[in-house]
Amino acid sequence: MSVKTLDTAYQVTPSRWSRRNLTVPIGLIAAVAVLWLWVSSLNLDSIEARVLNAEAVRRAVVDHILLAVSATLLVVAIAVPLGIMLTRRWAKPLVPVVMALANIGQAVPALGLLVLLALWFGIGFKIALIALVVTAVLPVLRNTVVGIQQVDQSLVEAARGMGMRASRILRLVELPLAVPVMLAGLRTTIVIAVGVATVATFVNAGGLGDIIVAGIKLQRTPVLITGGVLTAVIALGLDWLGGLAERLLRPKGV
Amino acid sequence: MSEHGVRIQLDRVTKQYPRQPEPAVDNVSLDIPAGELVVFVGPSGCGKTTTMKMINRLIEPTSGEITIGGENVLALEPNELRTRIGYVIQQIGLFPHMTVRDNIAVVPRLLGWDKARITRRVDELLELVGLDPSAFRDRLPKQLSGGQQQRVGVARALAADPPVMLMDEPFGATDPITRDKLQNEFLRLQKELRKTIIFVTHDFDEAVKLGDRIAVLAEQSHVAQYDTPGRILAAPANDYVEGFVGSAAAIKQLGLMHVGMLTGLAELSATSGLPTVRSRENARDALDIMLRAGTSHVVVLDEQGDPRGVIGFEDIAGLLREEVSRVGQDA
Numbered sequence: 002m003s004v005k006t007l008d009t010a011y012q013v014t015p016s017r018w019s020r021r022n023l024t025v026p027i028g029l030i031a032a033v034a035v036l037w038l039w040v041s042s043l044n045l046d047s048i049e050a051r052v053l054n055a056e057a058v059r060r061a062v063v064d065h066i067l068l069a070v071s072a073t074l075l076v077v078a079i080a081v082p083l084g085i086m087l088t089r090r091w092a093k094p095l096v097p098v099v100m101a102l103a104n105i106g107q108a109v110p111a112l113g114l115l116v117l118l119a120l121w122f123g124i125g126f127k128i129a130l131i132a133l134v135v136t137a138v139l140p141v142l143r144n145t146v147v148g149i150q151q152v153d154q155s156l157v158e159a160a161r162g163m164g165m166r167a168s169r170i171l172r173l174v175e176l177p178l179a180v181p182v183m184l185a186g187l188r189t190t191i192v193i194a195v196g197v198a199t200v201a202t203f204v205n206a207g208g209l210g211d212i213i214v215a216g217i218k219l220q221r222t223p224v225l226i227t228g229g230v231l232t233a234v235i236a237l238g239l240d241w242l243g244g245l246a247e248r249l250l251r252p253k254g255v
Numbered sequence: 024m025s026e027h028g029v030r031i032q033l034d035r036v037t038k039q040y041p042r043q044p045e046p047a048v049d050n051v052s053l054d055i056p057a058g059e060l061v062v063f064v065g066p067s068g069c070g071k072t073t074t075m076k077m078i079n080r081l082i083e084p085t086s087g088e089i090t091i092g093g094e095n096v097l098a099l100e101p102n103e104l105r106t107r108i109g110y111v112i113q114q115i116g117l118f119p120h121m122t123v124r125d126n127i128a129v130v131p132r133l134l135g136w137d138k139a140r141i142t143r144r145v146d147e148l149l150e151l152v153g154l155d156p157s158a159f160r161d162r163l164p165k166q167l168s169g170g171q172q173q174r175v176g177v178a179r180a181l182a183a184d185p186p187v188m189l190m191d192e193p194f195g196a197t198d199p200i201t202r203d204k205l206q207n208e209f210l211r212l213q214k215e216l217r218k219t220i221i222f223v224t225h226d227f228d229e230a231v232k233l234g235d236r237i238a239v240l241a242e243q244s245h246v247a248q249y250d251t252p253g254r255i256l257a258a259p260a261n262d263y264v265e266g267f268v269g270s271a272a273a274i275k276q277l278g279l280m281h282v283g284m285l286t287g288l289a290e291l292s293a294t295s296g297l298p299t300v301r302s303r304e305n306a307r308d309a310l311d312i313m314l315r316a317g318t319s320h321v322v323v324l325d326e327q328g329d330p331r332g333v334i335g336f337e338d339i340a341g342l343l344r345e346e347v348s349r350v351g352q353d354a
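As given, the protein sequences belong to chains L and W, one line each in that order.
With the numbering used here, the residue at position 91 of the first sequence is 92, and numbering never jumps.
With the numbering used here, the residue at position 236 of the second sequence is 259, and numbering never jumps.
Careful: at least some of the hints might be erroneous.
To be verified - The list that follows gives simulated cross-link-like pairs (lysine to aspartate or glutamate, EDC-like), each with its CA atoms no further than 16 Å apart:
#1 L:Lys253 to W:Glu208
#2 W:Lys232 to W:Asp184
#3 W:Lys165 to L:Asp46
#4 W:Lys275 to W:Glu208
#5 W:Lys165 to W:Asp125
#6 W:Lys275 to W:Asp329
#7 W:Lys232 to W:Asp262
#8 L:Lys253 to W:Asp125
#9 W:Lys275 to W:Glu304
Rather than coming from a laboratory, the hints here were simulated on the basis of the structure.
This one's a predicted model, so the numbers in the text were calculated from it and none came from an experiment.
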């Protein structure tokens, strides 16, 4: 019963707070500024101008973030309790089954899944959300399980030996010590969610996929680049926030 | 301020794991007197730790009865039972994300003590184990040396003043010098506290040094001999115990005898140039001093540092012979 059965956890990268951490947001803002300057310097034709008007771009960005963040929150709400449950002794036989399912969820192409879901259940925000959750659930789930399992068993035994109940051991010992690994999984989930949210456009759920697909279909490079760059900026920005959370929530002494 | 130990009895205790041909612990009975430090010593895998863990029910016995202070352990709620038994493990098991104070406060918090009482108790315990409360209270375990961590581990086990302590190779992972120091401090502490302590180790010398009694355990936790260190050294019950005692049993025995115990110290005459030994030191130290100085006699000094008399090789050899014959008669 170990990390091995679950493959490896998504990497935990411990790093200390420093001024360097501001390079990422500054870089992202600069990238957006350059993009904006470049697009405004172009003579946009009528098609480009229609897709790249401020209001349309703003809505796509908001929808995209909304979709990715909702999916991430849902993943946390599902995967953290499920992961905790899987580390309880009685649930041991379930671990390979649930992990296999989550692995399939990540391995199945998101687009194919989305199309299947759309055929069965129709289109819209909810369907996109379900597809996103299925695709992005694995990192949080696996890292919750691995995070708790990697807690030094001698600590758990010391806690039991002092008369702590299982629920108290979970709350005061196992979870705090699993937090860094769990947050590393959360960051991976966020990045996957932001990336995969681009396919939401195929079920009419909005997002930057609208802009990217328009750019491809209409063969308008500025449109395509705008969608791509903004998606990357959101992914990196949310990942940076995740990294910030990792540093702030990491328990002292670990 | 502190509660003294209570008697622990193990009566035909057996642990049989499922799908194993032989029980891990087979029909063990031991009577551990109140306030004594009893060492379970035996090779790895002999079931000594399993036997100990059945007392706080980290492992449930398959059959048999265990009582602490007359109370049937198996009839108590396990977690409540464990708050009344101090527990120290080899890995120490300090919670890395909690300060020294929070580590020590684990059991008091479980018992619902108020904040002021916990604060007082934490400081008291830190002083007891020789750590300055104001300097150590708010440190994290990783900011402590191995020896300091072990002291905090002992303080944590003593937090709610349990009458009984279980210690599983608590000094096993420390270097020899630190271990020796921790052992001495621990003996001093136990002299004061008089808890009933079960101490598991595979190091026979540690058992001799610390134990009021030693239970030499063989496979399946069979009790090969259960007696005082002196008697086990002087009269091992069988080949197994003899093997465990190892070579130089007589030398080890000298370690248990204080120089001050020697009766009829020879008159002081022409003591100049002879090495000296304090009366509270043991006969082994005295012998060592003689061998190193290349003399056949050594001057014994009392607590004030005044000479009390002279002892020689013959006195020490005689002391040992007496002890062996005394034990022989008892047995």
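*Which of the listed hints are broken here?*
1, 2, 3, 4, 6 and 7
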